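Novice: Protein chains in written order, with this note's numbering: chain Z, 1 to 296; chain A, 297 to 450.
These are computed hints drawn from the structure, not numbers from a lab. None of the values given here were measured: they were computed from a predicted structure. Idealized CB from N, CA, C, for every residue including glycine. Take the hints with a grain of salt, since some may be wrong.
One side of the interface only, derived from the structure: several residues of chain Z facing chain A at Cβ under 7 Å [said to hold, decoys possible]:
| hint | residue |
| --- | --- |
| 1 | Val31 |
| 2 | Asp215 |
| 3 | Ala216 |
| 4 | Arg236 |
| 5 | Gly283 |
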Amino acid sequence: MKVFEFDKVSRGYGAGDVLSRISFGVDRGEVIGLLGRNGAGKTTLIHLVMGMLAPREGEVKVFGLDPRREAVEVKRRIGYVAEDQELPDFLKVREVIAMNRQLFEGWDDSMARDLINRFELPPDRKIKDLSRGQARQVALLCAVSHRPELLILDEPAGGLDPAARRQFLETSIRLLNETGTTILFSSHHMGDVERMASRLIMIHDHQKWIDSDLDAIREGFSLALVPADAGVDGERLLSLPSCLCARRHGDLFHAVYELDPDTCCKSLRKELAVETIQCRSLGLEEMFIELAGRES
Amino acid sequence: MHYIVEAGTNHQAGLPRMEDDRMLFYVDPHSGVPIFRQLMDQVKLSIASGVLKPGDELPSIRSLSVPLGVNPMTISKAYNLLVHDEILERRPGKPLVVADLGQAEIADRRLDQLRENLRQSVALVRQLEIDEADAIKLYRELLAETEPGEKGVK
Chain Z
1 MKVFEFDKVS RGYGAGDVLS RISFGVDRGE VIGLLGRNGA GKTTLIHLVM GMLAPREGEV
61 KVFGLDPRRE AVEVKRRIGY VAEDQELPDF LKVREVIAMN RQLFEGWDDS MARDLINRFE
121 LPPDRKIKDL SRGQARQVAL LCAVSHRPEL LILDEPAGGL DPAARRQFLE TSIRLLNETG
181 TTILFSSHHM GDVERMASRL IMIHDHQKWI DSDLDAIREG FSLALVPADA GVDGERLLSL
241 PSCLCARRHG DLFHAVYELD PDTCCKSLRK ELAVETIQCR SLGLEEMFIE LAGRES
Chain A
297 MHYIVEAGTN HQAGLPRMED DRMLFYVDPH SGVPIFRQLM DQVKLSIASG VLKPGDELPS
357 IRSLSVPLGV NPMTISKAYN LLVHDEILER RPGKPLVVAD LGQAEIADRR LDQLRENLRQ
417 SVALVRQLEI DEADAIKLYR ELLAETEPGE KGVK
């Protein structure tokens, strides 16, 4: 059974769709990196999994259940840190932890204690007196200490310094190691995505633009550089099979193809009869900019 | 050469170290090379350079994944491919060990390492349309600048 599943799910606010007919399923132990520009619909997708939003069309299942109709059963098994996590700021750290301990079965006291020490959290300080980073660490502690089957992190790196980001990463990996937890996280930090994700889903123009094993992306995509004076235009590049995007950068056209660089180079040179075309592999960050930064 | 990072130069405490306190693994998520390949290359390099010897145990996937900050499946993938290539050996219920490669085999592997490395330079030679004779001359010059046994280029 899939940990969660989207079947032709659409959802918007007001007239248009933010997400349009999105389908995919996630298996146990997968780590999904969710990418997209600001406003692409990453948080909407996460809210649909959490049952905080209902789909306009289609169906969302989490652990085979409807996350809105069986909200308690589903949430019990999920750990969630929101992008703008709000904890009751009049409570002390130890009171927030005690409250979560009451809410979740299977709370692991030794894990919670270990994280308090690791994050160096002051148990008697009120939430409102914590730094932003510390507040997020309390939220993370509460999200993982019941050893959830599914951990959802919306922009976990947002506003954190590199050391605190690293702790988020290490805590998630520990949970993955020890509990086999499935993880869904959105991030703009490509380094974190490269380290953590086993699979990448990129949302663009309301659609799932890319949904692929991370290693397949790194080895199966290439950037073609075509001199602008070679008599080939963007339309022509886009019309070739497996082209994801093409646009002009000064004297060159940049085009991304779902082919390894060698094959890409050979077939483009042959197809377009331009010997000066060059192809190379591209990192995730570069790919994101080529794809998402294009004019739509 | 960053596959061995001297102690103290890397803030990632707790990384596995060799007995002489050198770190074995290092991951650069931005290099464009998949992380499982980076790990495979580092194991191969460590064997070729003698840092890892036949019979040496590799760190467990769990113990490596947290300090490296890498998905354990990625490490598992690297290890599995190295077992498949008969570079590592799996023994039931025990840590993975470096396979017993003969001396000739190790010499071959060293050349394989160099070949892989040089491929990038060759690609650059073609891209920049550098004359082959010039490229070879430059390689000889760089070799002449260092003594055998010396590590690293001046």
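Novice: It remains to establish, for every hint, whether it holds in the given structure.
Specialist: Checked hints:
1. With 7 Å as the threshold, the beta carbon of Z:Val31 comes within range of chain A, its nearest partner Cβ sitting at about 6 Å, so the hint holds.
2. Given the 7 Å rule on beta carbons, the hint for Z:Asp215 holds: about 5 Å separates it from the nearest Cβ of chain A.
3. With a least beta-carbon distance of about 9 Å to chain A, the hint placing Z:Ala216 at the interface is violated under the 7 Å criterion.
4. At its closest, the beta carbon of Z:Arg236 sits 23 Å from a beta carbon of chain A; the interface hint therefore is violated under the 7 Å criterion.
5. Here the hint on Z:Gly283 is kept, as its CB sits about 4 Å from the closest CB of chain A, short of 7 Å.
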